[in-house]
Amino acid sequence: MAGSMEWIMRLDGTNLPGKSLIGGKAHSIARLMALGLRVPPAFVVTTEAHAAFLATGEFPDGLVEELERAIAWLEESTGRVFGGASAPLLVSVRSGAAISMPGMMDTILNVGMNDQTQTALAAESGDAAFAQDTHRRFAQLYGNVVLKADAKGFDSASDPQVWRDMIHSATGKTLPDDPREQLLGAVTAVFESWNARRARRYREHQKIPHDLGTAVTVQAMVFGNLDERSGTGVLFSRNPSTGEDQPFGEYLGQAQGEDVVSGEFTPKPLATMAEIVPEAFNDLMSASKTLERAERDVQDIEFTVERGTLYLLQARSAKLAPQAAVRTAVEMANEGLIDRRTAICRIPSDRIRILMSPVIPEAARVAAAQLAKGEGACPGVGIGMVVSGSDEAERLGNEGIAVVLARPTTSPHDVHGMIAATAVITEEGGSTSHAAVVSRALGKPCVVGCGQGRLSALNGQTVTVDGQTGQIWAGALEVVVPDEVSDGMLAQLTEWAEQLAPIRIISADGAKGLDALDLAAIEGAEESENLPEILAGNQTAKGAAGGAIATDEGVRAAIDAGLEFIVADPRLPSLLAAVQANVEPVP
Amino acid sequence: MLYTDHLVLHGIGIKKYADAVNISEIIGIAQAEVENSIDRAEERGLVMRADGKATLGPAGRLIMQCNYSRFYDSVRKNDAFVAAYDRFEELNVDLKSLITAWQVRDIAGSTVRNDHTDADYDNKIIDRLGALHESAERILAAMASVLPRMAIYREKLLTALERAEDGAIEWVSDAKIESYHTLWFELHEDLLCMLGKEREE
Numbered sequence: 001m002a003g004s005m006e007w008i009m010r011l012d013g014t015n016l017p018g019k020s021l022i023g024g025k026a027h028s029i030a031r032l033m034a035l036g037l038r039v040p041p042a043f044v045v046t047t048e049a050h051a052a053f054l055a056t057g058e059f060p061d062g063l064v065e066e067l068e069r070a071i072a073w074l075e076e077s078t079g080r081v082f083g084g085a086s087a088p089l090l091v092s093v094r095s096g097a098a099i100s101m102p103g104m105m106d107t108i109l110n111v112g113m114n115d116q117t118q119t120a121l122a123a124e125s126g127d128a129a130f131a132q133d134t135h136r137r138f139a140q141l142y143g144n145v146v147l148k149a150d151a152k153g154f155d156s157a158s159d160p161q162v163w164r165d166m167i168h169s170a171t172g173k174t175l176p177d178d179p180r181e182q183l184l185g186a187v188t189a190v191f192e193s194w195n196a197r198r199a200r201r202y203r204e205h206q207k208i209p210h211d212l213g214t215a216v217t218v219q220a221m222v223f224g225n226l227d228e229r230s231g232t233g234v235l236f237s238r239n240p241s242t243g244e245d246q247p248f249g250e251y252l253g254q255a256q257g258e259d260v261v262s263g264e265f266t267p268k269p270l271a272t273m274a275e276i277v278p279e280a281f282n283d284l285m286s287a288s289k290t291l292e293r294a295e296r297d298v299q300d301i302e303f304t305v306e307r308g309t310l311y312l313l314q315a316r317s318a319k320l321a322p323q324a325a326v327r328t329a330v331e332m333a334n335e336g337l338i339d340r341r342t343a344i345c346r347i348p349s350d351r352i353r354i355l356m357s358p359v360i361p362e363a364a365r366v367a368a369a370q371l372a373k374g375e376g377a378c379p380g381v382g383i384g385m386v387v388s389g390s391d392e393a394e395r396l397g398n399e400g401i402a403v404v405l406a407r408p409t410t411s412p413h414d415v416h417g418m419i420a421a422t423a424v425i426t427e428e429g430g431s432t433s434h435a436a437v438v439s440r441a442l443g444k445p446c447v448v449g450c451g452q453g454r455l456s457a458l459n460g461q462t463v464t465v466d467g468q469t470g471q472i473w474a475g476a477l478e479v480v481v482p483d484e485v486s487d488g489m490l491a492q493l494t495e496w497a498e499q500l501a502p503i504r505i506i507s508a509d510g511a512k513g514l515d516a517l518d519l520a521a522i523e524g525a526e527e528s529e530n531l532p533e534i535l536a537g538n539q540t541a542k543g544a545a546g547g548a549i550a551t552d553e554g555v556r557a558a559i560d561a562g563l564e565f566i567v568a569d570p571r572l573p574s575l576l577a578a579v580q581a582n583v584e585p586v587p
Numbered sequence: 001m002l003y004t005d006h007l008v009l010h011g012i013g014i015k016k017y018a019d020a021v022n023i024s025e026i027i028g029i030a031q032a033e034v035e036n037s038i039d040r041a042e043e044r045g046l047v048m049r050a051d052g053k054a055t056l057g058p059a060g061r062l063i064m065q066c067n068y069s070r071f072y073d074s075v076r077k078n079d080a081f082v083a084a085y086d087r088f089e090e091l092n093v094d095l096k097s098l099i100t101a102w103q104v105r106d107i108a109g110s111t112v113r114n115d116h117t118d119a120d121y122d123n124k125i126i127d128r129l130g131a132l133h134e135s136a137e138r139i140l141a142a143m144a145s146v147l148p149r150m151a152i153y154r155e156k157l158l159t160a161l162e163r164a165e166d167g168a169i170e171w172v173s174d175a176k177i178e179s180y181h182t183l184w185f186e187l188h189e190d191l192l193c194m195l196g197k198e199r200e201e
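Top to bottom, those sequences are chains A and B. First residue of the first sequence? That's 1 in UniProt numbering, and the numbers climb one at a time after it. First residue of the second sequence? That's 1 in UniProt numbering, and the numbers climb one at a time after it.
Bound conformation, chain B alone:
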């Protein structure tokens, strides 16, 4: 299996169910090349397609998983990358508590859903997200110096953050779009797969 073909499977795995444009963006491979690779994978029964969107079949998932250690051995042994990953996991704790504060808030001693009618409350959290992003940028810069495609997350996270800062607050955590939280979750998934780790909850 070629590195590119594996990366496409990896992209589909992270996006779960996505078209070639989305996959090409997240893995940083030209769209035409991604299309070709998906075609080949579909022929081999690794990938299923519906409405132009691809999803991994059981065989595709197995092949994808078996090949991580082969393609990412050098990344796994790279101290700078692993150190950056450790810092990412620490920051992930902060992000999770921030997203929780975004979704529910404590009012008069009881926890209620944040209905986003209190702009002051929301803006404070978006400001916290801005501060957290400064750390995330440094971590991603360190990762990108080893694996250049990590810079894609840096750009995409910043785009989501700035949209939220400009008042389109769905870009904080809406699961249906590439919101900050959606991207963060995908980034986490990406790292766990490459490094062969399990998600800790």
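With the rest of the complex left out, here is chain A:
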């Protein structure tokens, strides 16, 4: 592409402009390219071009010519032709403000489709149905999103003229046939969506200036269904369930990305990819390592293979199961990829609470009878006799009898009963109801929303409550409790957190003989928001136990109040919270 351009930037990895100029989506594409990874070629219309459009209501001088040159560059990079009678180039058009906001036009796919490119695509892929369906998807998306047809019933079996007629009769506008006109229309529509009602209101609420502007990313589309050496898939750089340092993923040969998501096809394990397209597989493995080293985190990668060539579509930090989050954080710290403090900050203390909460072994579950089911609101297992009143729960609890408190809903009048119970179950309410919030603060296993009238029949029965799965079982089931000593990863984390925590966290056994403020005896101390005031009123205390002190907020309040120690079982969640309280949140 000869000469520089004023309104458009080619994304080729040679520079990494800021998100304010090119938007979040182009920024992540540029970042992948800068790492030397292959991404479908793309360019971006900058926010400056949009700002000029907002000022005048028209494309700034030169933008149309620059789009023409940028498309020529995409054609050159891909060896395809926009609107071509063979090897047609199709592009996606995406909005990309530095901050994403509701009401903005998001994505138009398959720009460049018309009768001629459909024929060409059918010949190239040997799959006429695919070409027709790609055309249909384009007409439907462009017709509804750009031309606002509000039309349903685009049928892949219909002649494309039927779709065009539907759009025309709904809007009086014509679905453009010329790919260049399609592109200009899509860019204009993204620009105009900036002033959609919801986007304006969002900016007003969030105090985002109206003249900030959005960028528009235009990217060549790649096809995972062109031949047997094409396909699509997802890859995690480490196993997202176990954390094992072994890439984990799925591959679907001769398919487009949406086929994997749709669930209509069963993806194959990665080993099949290694057999069919070994080069692309090797590239993928090395891309996975490169990305993980650069981002210092486990990566979730979407990719497509077109005729044996690997293209990365998107990469982001992976969402991991609690166990995997612990293992990868500890191992990455041991590998020197991240420091220990970062490793600790990677693991939210609530995930550790899940991991360290008692569990019912699968064998015991299978043999047991389920009495009720609701939403698990606080993980953990509680066993006891069901009682329906909080006073009764407190009385029996004081006699040393394990009780499960069952209420239609709970209110502040039930807190003494909740404290006395081994678990709390309710008929109504969701994960932010009073029962759920207070149970989490108290660390009591809790199941909410079991259904009206479902719990009263359980009165007097002994049950096992699983606050993770939301199940309530008949009888007292076998329970296994993970701890920080027997599990190597948790023991390692505990050791690191002890070195970094600004406060000591002591188990109830270890705290015997120490003089700790007993928050269980102080009214209101089960709500963490009351703790700063309570601690301020007891300045002689060196430590504290009970109430909500072991929660994240409680730990923070204890540090702020200058306590030397708090009592918590298990210790690790509070230890992590103590280290994390000292660090600004990771962006």
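Each hint should be verified, as a subset may be incorrect.
Unchecked claim - Here are the computed lysine-lysine pairs in the DSS-like style, where the Cα-Cα straight-line distance is at most 30 Å:
no., chain 1, residue 1, chain 2, residue 2
1, A, K207, A, K173
2, A, K148, B, K96
3, A, K152, B, K53
4, B, K53, B, K197
5, B, K53, A, K148
Unchecked claim - So the derived list for chain A, only partly shown, Cβ under 7 Å to chain B, looks like this:
no., residue
6, R198
7, R200
8, E427
9, G430
10, S433
Quick caveat, the hints were computed from the structure, so don't treat them as lab data. Since we're looking at a predicted model, the values are computed, not measured. Beta carbons: idealized from backbone N, C-alpha and C, even for Gly.
Got chain A sorted already, so can you dock chain B onto it with the hints?
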């Protein structure tokens, strides 16, 4: 029967039981004129009034129904209006599923009442409602170009939506106020009557 008198009966029919202010707002006729028309209808035994609110009597309902074809013949024959109505019916399917998601949700495999304690869940639905409203606005604009009073629904729906967006979530579907769903239901009723169609469930 005059068009205005019929429109007042129509307004009462849609609102079921409402005062002159409410009726005047929904049909876009001045309040004094609505009051006069209700007085005349009451004298003729077409309308009953209690606590200042009007409701249709059996005779009023019959007269209202018989006169739709007379007053709305041109609307029924207007292609643009009918096409907009067809799109409304399509969108109505989306609205119904959205309101269902607002009222009940799927938790751990079982359907439970949405207790509106999960703001993220609610906000996602309100955002969906905002997207749906963009289509509704276009449909109502097309209808209003044939029958100007349809623009009233556009304004009222937007008011309800923006109240919900600002956190007063009862404006999504509370049946006791002019919530989005209440208005949508009335709009649907209005269209069915004018076009002489039956509600499909």
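Against the structure, the hints:
| no. | hint | in the structure |
| --- | --- | --- |
| 1 | K207(A) - K173(A) | violated (36 Å) |
| 2 | K148(A) - K96(B) | holds (21 Å) |
| 3 | K152(A) - K53(B) | violated (41 Å) |
| 4 | K53(B) - K197(B) | holds (27 Å) |
| 5 | K53(B) - K148(A) | violated (41 Å) |
| 6 | R198 | holds (5 Å) |
| 7 | R200 | violated (11 Å) |
| 8 | E427 | violated (10 Å) |
| 9 | G430 | holds (5 Å) |
| 10 | S433 | holds (5 Å) |
Hint compliance for this structure: hints 1, 3, 5, 7, 8 are broken, all remaining hints hold.
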